[in-house]
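**Student:** Hey, can you work out the whole structure from these sequences and the hints?
Okay, here's what each chain looks like letter by letter:
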Amino acid sequence: MLKALLRQPAMAFSALAVAALLVHVAAALMIAALPGASLTARLTAGGQVTFDEQAGHPAGAKAVFVDERGRERLVVRMADLLSGLDVRGRPEGPGTTQERYRRISELLREPGLRVRLPDGQMVPASATRGTIRSLDGGAWLALGIGLCATLAGLWVLVLRPREWAARMFMLSGLGLALGVITIAGYERVSLAIDPRTLFWIIQVNYLSAFVFGSAVVALFARYPLPLVPIPWLVLAAVAQGVLWIVGLLAPGPDVFSFQVAVVLSLGLLSLVLAGVQGWLSRRDPALRTAFILIWTSLLLCIGLFSIANLVPQLTGLPPMMSEPVAASGFLLFYLALAVAVARYRLFDLGAWSVNVALSALVLIVVLAGDFGLVLLTDGTWTVSLAFLSAAIIWLPLREILLRRTDRARNRRDILLLRGASEVAFAPRPEQQPELWRRLLDRQFSPLTIEPAACEAATIRADGRILAVPSPLGGPALALGYANRGNRLFNSEDKSLAAALVALVAEMVDARMAYDRGVRSERQRIARDLHDDVGARLMTTLHRGDLETVHADVREAMADMRLIIDGMSDQVRRLSDLVADLRHETVNRLMLAHVTVDWPISAMFDDDRPMEAVQARVLFSVVRELTSNVIRHAGARAVWISSDLSDGGVVLCVRDDGRGFDPDSAMLGNGLRNVRKRIEELGGSMQSNSGPQGSLIGIFLPVASPEQGMADTPVFD
Amino acid sequence: MANQRQLLIVEDIAALRQALAERAAAVFGVSEPGQAESLAVARAWLKTHRRIEQPLIALIDLGLPDGSGSELIAELAADSNASCIVTTIFEDDGTVMQALGAGAEGYLLKGEDIAVIEERLRGLERGEVAVSPKIARLLLARLRCPPRLQPEIDVALTPRETDVLRAIGRGLTIGETAHALDVGAHTVGTHVKNIYRKLNIASRAEAAIEASKRGLV
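Sequence lines, in order, name chains B and F.
Take the first sequence: its letters are residues 859 to 1574, numbered as in the numbering used here.
Take the second sequence: its letters are residues 11 to 227, numbered as in the numbering used here.
Warning: the hint list may mix true and false statements.
[Unchecked claim] Derived contacts from chain B toward chain F, CB cut-off under 10 angstroms, selection only:
hint : residue
1    : Ala1409
2    : Arg1412
3    : Ala1416
4    : Met1418
5    : Ser1433
6    : Asp1434
7    : Val1436
8    : Asp1438
9    : Leu1439
10   : Arg1440
11   : His1441
12   : Thr1443
13   : Trp1456
14   : Phe1462
Keep in mind the hints are simulated off the structure, nothing from the lab.
Ideal Cβ placement from N, Cα and C applies to all residues, glycine included.
**Tutor:** Structure (structure tokens):
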């Protein structure tokens, strides 16, 4: 159960982080427990040693420790009272510095001890108990850096537990933590501390330097490319361990110098290895981004460190920050390294590096301006003036840069839209995949485009690949190596690709809907031509009587007219439709000398829009009935009524002719055809015929006026 | 011969031209009607045969091989003694309105039975006019409030004319319209002719305004 929980990265990291926190708290307590001394000597200018801001004494003058009974216990030089002195070698052996310090620390524990200064003044001296409150900001900062380094190492290790680089990074983190903790301890050094404790603090500090240096060397020796075989690295680590033990056993300035030289060369070696790695992996955008990141942060922290410490030393100005504060700059480098090793969203850090470089540039301009002004003026107003000059240069520059990117983005958006519409509105659908491919190619300039599988746009292989689904329903594409391999795909590319997919998909949908509309319209026209004009002309072919042929041809032309009408964009309103229908029918019947009675009804004022197919069916049926009346019924009068009821048009045609047999062929194909179409539209047709005439009723449902169009009718 | 008239048939379908020429010659009592299958031939005929003192009846098809019959109608507008009748297959495809605007006095549906066409020609001779609901509606929309015309050109419809167009637009025949408005059929015909004339004036005015706008006049 616990094992399973710890296998989850977040859980494992949390547990380890708590452990690291506890270790650091323990370290803080240990450092705090180091005793302090009531008197602290300070070396002043001119080689004098002073206590508590009083008059100084020559470094070589004698000071005597006197106990409460007035006995002289120890005579030392004033210089020996300076705390924090470099203590090299083993703290054993009579007469050595170590021996002297050990005696001082022991004496300070005795009550009533005083120091007689060279001028005869007696100063009380005792050891003070260290408390957690006595830890200063520098110690806390060092502990904080140690904790951060440990957490970064743990984070990387949890993310990539099996990788060499991650393990080495973790190790270096431990080394760094150990180093800064010992530095914090060293900062607390006083006369009351046993030199043997100091010895171990210093030795552990050297050990941490070895561990950190070796781990960084081992990291860059095999990350990202394995340059050095592991046995060599193990051998080197063992050699350093031996060196450390030698330092423990055989104390002396030579061993110490050798240790320092090894630590320095480890640092140099890691820089060289990192450089070689960076050079070798320059062709891989992901690795290159990682190295740009590492080098950017490294240069930045070295730059900050130099500006803060080295420049003041060179110019004789006081340092701007203490050593632990300056060391915190290394944390930046360390975190960048963590990101690079963990390969965590490395693809998004390309832009970050640029931003950091720009910010650093601004900072350097400000600082340089500040230093220049310090040298030129008396030191007042300098920061404000430096900021002012930076503002004069930087803000207009920034404005220009912003405007340029803005313009580029606008242009890019337009190109994007054009590309998307090219894909969606390709002349032929089979061209779309190729156009889509070309659009992606134009947009991202990848080195490779290969089929892939993905649901949504995703970044793969640490930004080397951007997988983009197809908006056309085809296979997704994996774009490899953005911008001809010059950069990694980042989150912006991803969202751009996703937007592009959505845009094209939407446009393709719109196009398909349009195509469907066009297709159904074409099908409708084809069917109308076939059913009406075609059928009528077919009948005509088999007629012998020229007059009927003429009538047929005219009806075919009228059918064509209706089909063409249906193709116009204009909305046909029911009122217009029935007016046209009435006009045509009455004229035809009048010319055939049949009297007509078709009263104007409410339908003649109804402005609801009619669909083309409804209009055509209404025309067809009335024409067919009129033709039948004229040709076959021998009627003298026709009564037509048109009304609206039950959500539809009700048409009745009655004549006084001789009637017809509903089943006879006389009725013609036309009427059957019309009945079929009415029924298709949800309407119905009924006929009744007898010797006194016939009556045909039609019902055709039409849309309600609420669904009508908004534009103004011709009549009001 | 004061009432001697001239007749010109402009039609590119030979059989139809022949039939129209025969029937129209009979109806209008013209012995030798001019026949033209194109604008060019029609213009040539007008140049050589036209006698300005005689009234001219021109039956003009719109879709001709070398252009639109409306051009010829517009040219004949300068001839005050000429009346143009448009011959068309479909009355409502926009071309009829255009021709009426160019100065045609009426139209004839050539898809109808030749006997019916002859009947229509006789109607024209009696002063009847052809007008469909669709054309009536278009006219009403176009002439009721001519927005772009200069105020001094009076092309607004009278209330009576509006009534006529409304009735016809609802599908009533001329006769039914006359009955509904309680006037004679002839009066209705006169109204329609006036409306056609107004459309022609409106079109010319619009063309003039357009020309002056473009600095052509």
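**Student:** Compare the structure with each hint and give your call.
**Tutor:** Tested hints:
The closest approach between the C-beta of alanine 1409 of chain B and any C-beta of chain F is roughly 8 angstroms, which is under the 10 angstroms cut-off, so the hint is satisfied. Because the beta carbon of arginine 1412 of chain B sits about 6 angstroms from the nearest beta carbon in chain F, less than 10 angstroms, this interface hint is met. Annotation: interface hint on alanine 1416 of chain B holds; nearest CB of chain F at approximately 8 angstroms, less than 10 angstroms. A hinted interface residue such as methionine 1418 of chain B counts as satisfied when its beta carbon comes closer than 10 angstroms to some beta carbon of chain F; here the least separation is about 9 angstroms, so the hint holds.
For serine 1433 of chain B, the interface hint holds, the least distance from its beta-carbon to any beta-carbon of chain F being 8 angstroms, beneath 10 angstroms. Because the smallest distance between the Cβ of aspartate 1434 of chain B and any Cβ of chain F comes to about 7 angstroms, under 10 angstroms, the interface hint for this residue holds. Look at valine 1436 of chain B: its Cβ gets to within about 7 angstroms of chain F, closer than 10 angstroms, so that hint holds up. For aspartate 1438 of chain B, the shortest C-beta to C-beta distance to chain F is roughly 5 angstroms, which falls under 10 angstroms, so the interface hint holds.
Against a cut-off of 10 angstroms between C-beta atoms, the interface hint on leucine 1439 of chain B holds, since the closest Cβ of chain F lies about 7 angstroms away. The beta carbon of arginine 1440 of chain B comes within 3 angstroms of a beta carbon in chain F, closer than 10 angstroms, and the hint placing it at the interface holds. Annotation: interface hint on histidine 1441 of chain B holds; nearest CB of chain F at approximately 5 angstroms, less than 10 angstroms. Hint status for threonine 1443 of chain B relative to chain F: holds, with the closest Cβ pair at about 9 angstroms, below 10 angstroms.
For tryptophan 1456 of chain B, the suggested interface contact is upheld, since its CB lies about 8 angstroms from the closest CB of chain F, less than 10 angstroms. Contact between phenylalanine 1462 of chain B and chain F, as hinted, is supported at the beta carbon level, the nearest pair being about 5 angstroms apart and thus within 10 angstroms.
The structure is consistent with each of the numbered hints, conforming to all of them.
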